[in-house]
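For what it's worth, this note's numbering labels the leading residue of the sequence shown as 390, then goes sequentially.
In case anyone wonders, no lab produced these hints; they're calculated from the structure. Positions of the beta carbon are idealized from the N, C-alpha and C atoms, including for glycine. Mixed in with the good hints there might be a few duds.
[Said to hold, decoys possible] Now the in silico label distances, taken between C-beta atoms and shown as ranges:
1) His494 - Pro422: 34 to 44 Å
2) Gln489 - Gly530: 18 to 28 Å
3) Lys424 - Arg493: 11 to 21 Å
4) Asp423 - His494: 36 to 46 Å
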Amino acid sequence: RVPGEILEAVREELLLAETRSRKSSRKWSRSRPDKRLDYMDQVLPILARLPTVYYQQWSHGVDYAEWTIELIVNSARAVASDLYVIVDGLDKTQGARIRQALKRHGARCRNIVGGRDDAEPLLRLADALAGFLRDVQENEGSALSRWTRLAPFVNNPAK
390 RVPGEILEAV REELLLAETR SRKSSRKWSR SRPDKRLDYM DQVLPILARL
440 PTVYYQQWSH GVDYAEWTIE LIVNSARAVA SDLYVIVDGL DKTQGARIRQ
490 ALKRHGARCR NIVGGRDDAE PLLRLADALA GFLRDVQENE GSALSRWTRL
540 APFVNNPAK
């Protein structure tokens, strides 16, 4: 669990990282590769102060909500405390579906927030991490060179 005042400070630091790297608020896929890597270098010290970031990769299907539920349930099993969950593009219907599924699975989740990533630095970080992990999975050389420094801060609960 991350207290609100810490989250606010992290948001400010992420905005500064976006400015320093010249990535600005662009989505990962729309940013130039050199700016992507500069951004990842900028966020490493921020990630070091946050709880573990959980991720999971799928190679089949398209049910984004089910994938999200599976990841959150697996992550909740991996930690002893309540989760603070950030979901890119989460609408009210998906939020209700996720909350119901988590309750069914007994997953402890303090807060689920979502929205559009153009309005929230934490969602842009999630978008960047997802893009970066996809680049690693696709063996993109520049992403692979940064992976060893990022790996300690992320965890795939399915493995």
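Outcome of the hint check:
| no. | hint | result |
| --- | --- | --- |
| 1 | His494 - Pro422: 34 to 44 Å | holds (38 Å) |
| 2 | Gln489 - Gly530: 18 to 28 Å | violated (43 Å) |
| 3 | Lys424 - Arg493: 11 to 21 Å | violated (42 Å) |
| 4 | Asp423 - His494: 36 to 46 Å | holds (42 Å) |
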